[in-house]
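Given the coordinates of chain X, assemble chain D onto it according to the supplied hints.
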Amino acid sequence: MSLSPWIWFAALLTLCTFSFLWRDNPFYKFAEHLFVGVSVGYTITILYWNAFLPRVWEPIVINHQFYVLLPTILGILSFAIFFKKISWLIRYPIAFLMGAACGISVPRSFQGYIFRHMQGTITAISPGQSNLLLISNIIMVIGVIATLLYFYFSIEHKGFIGKVANVGIWYIMLAFGAGFGYTVMARVSLLIGRLQFLLHDWLGVID
Amino acid sequence: MNFLEKMMNIDRRWIYLLVGICVLVPLIRPVGLPTSITPYTRALFDYVDKIPADGPAVLISFDFDPSTSPELQPMAQSILRHCFAKDINVMCLGLMPTYIGMIDIALSNVKDEYGAVSGEDFVFLPYVPGVTAVMLSMGESIKNTFIRDYYGVLIDSLPMMQHIRNYDDIAIVVSISGSAMPQSWAVLVGTTYHVRVGVGTTAVSAAEYYSWLQTGQFVGMLGGLKGAAEYENLIESKGYTIEGFRKVATKGMDAQSFVHILMIVLIIIGNIAFFSLRKRSRQI
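Protein sequence lines correspond, in order, to chains X and D.
In this text, residue positions in the first sequence follow my numbering: the first is 1, and each later residue adds one.
In this text, residue positions in the second sequence follow my numbering: the first is 1, and each later residue adds one.
Chain X on its own, in the form it takes in the complex (with noise of 0.2 Å):
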């Protein structure tokens, strides 16, 4: 078992958020809140070691950068959304973002989620591959086509349109059960961790 306060303090911790299982309850509300109040201190104190001091306070006082005031003085008016009359101040910095954002995301964007994808798909049934390579290759094509097409909703989905839409949805419904499938092995991966930290780490009666 282990003497270390801190482990003591973590396991506890631990047994309070799992006694959420059962009902909400004060030992749960007690961290829940704890861990609440560290992580906004533990983030502001990173912020003011690693991004205040070395990039404004230094560049600005002592170092005579006052292009950096610049900013500083938009990153500032991000506050004015806490005072009503000024509150108008934050399109400043808020449109700065927006724009930044959108002129470096763009393009990139089209080049990596859209033409990349799209070049993939269009380059999967080539030949040169393996039989079952080719066959799975074929039946990606397919259920890219028939998915796409239940998104589209210009054409009313009867008929064939209708049919090659309702593969669309199997394949959704696919998608959907893989991820389930990951989503629970997540889930249960967080609940290993915490146990094999209680186990090992706490009581030692795991190698």
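These aren't lab readings, by the way, just hints derived from the structure by calculation.
Beta carbons are placed, not taken as given, at the ideal position from N, Cα and C, and that holds for glycine.
Negatives, chain D to chain X, calculated, CB over 12 Å:
1) Asn2
2) Glu113
3) Asp168
4) Ala273
5) Arg278
Once the Cα atoms are required to be at most 20 Å apart in a straight line, the calculated EDC-like pairs of lysine to aspartate or glutamate come out as:
6) D:Lys247 / D:Glu236
7) D:Lys247 / X:Asp201
8) D:Lys143 / D:Asp54
9) D:Lys143 / X:Glu58
10) D:Lys111 / D:Glu243
11) D:Lys143 / D:Asp168
12) D:Lys247 / X:Asp207
13) D:Lys86 / D:Asp46
14) D:Lys247 / D:Asp112
Reference listing, derived: stretches of chain X covered by chain D, where coverage requires no fewer than 3 residues with Cβ under 8 Å from a Cβ of chain D:
15) 31-43
16) 48-58
17) 91-105
18) 112-126
19) 182-194
Just chain D, lined up with the frame of chain X:
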């Protein structure tokens, strides 16, 4: 109320109890169920394995916080072990304040096993705000983006950084993530700077990344606890681990399999109960 009706109205706490038992028992009494290596894990392993010692660096982006660490921390530590064993230079990056702590834990757990030294074998980059800006700025100059490492040492003065300027000197970015960060790496950095991207992700996100593997935007993928266990087995089989190496993810895989079997049984019982009761109500 018969059995099927009871099943439809079962108190969820019974399910919690069953899941708890299915996790606890194999952890205390491991069965040692085999874990096969998937091609995507093998692809990432092979890519890292081919990087020459003291050549281009591996940039590990710790894009996760404690909420997903049981799945992702073993992956990060396995990749660190792989790199340190092969003398591959590593850069550790956290793009959010809460990610920094995960790097600290991983390095604390691994560096002493291999005698890895900060500035020579690895660089712990500090948190700098602005995710997209940081990603793109590193493409111009890593030194100008961070100036100092996490420990406050000037990056310019670190021996490892003498030959690493930007993405041209990085062999692969491995994004260990519980969010959509790997996509940002592939779209913003992979597309712009043509640097290869690998991904270690939570099981929840794994399904959506298969298309990214098919397009070649990701070199390989470690999916969930199973991916972490596979990588642990690969580095162990190649002799990259020290004696007494504790395979955290592999130890959890028995429990994982038990719970999956339980889930399948519960889904089957639930469906039988649902359709039987519906049939009965229609007959009435």
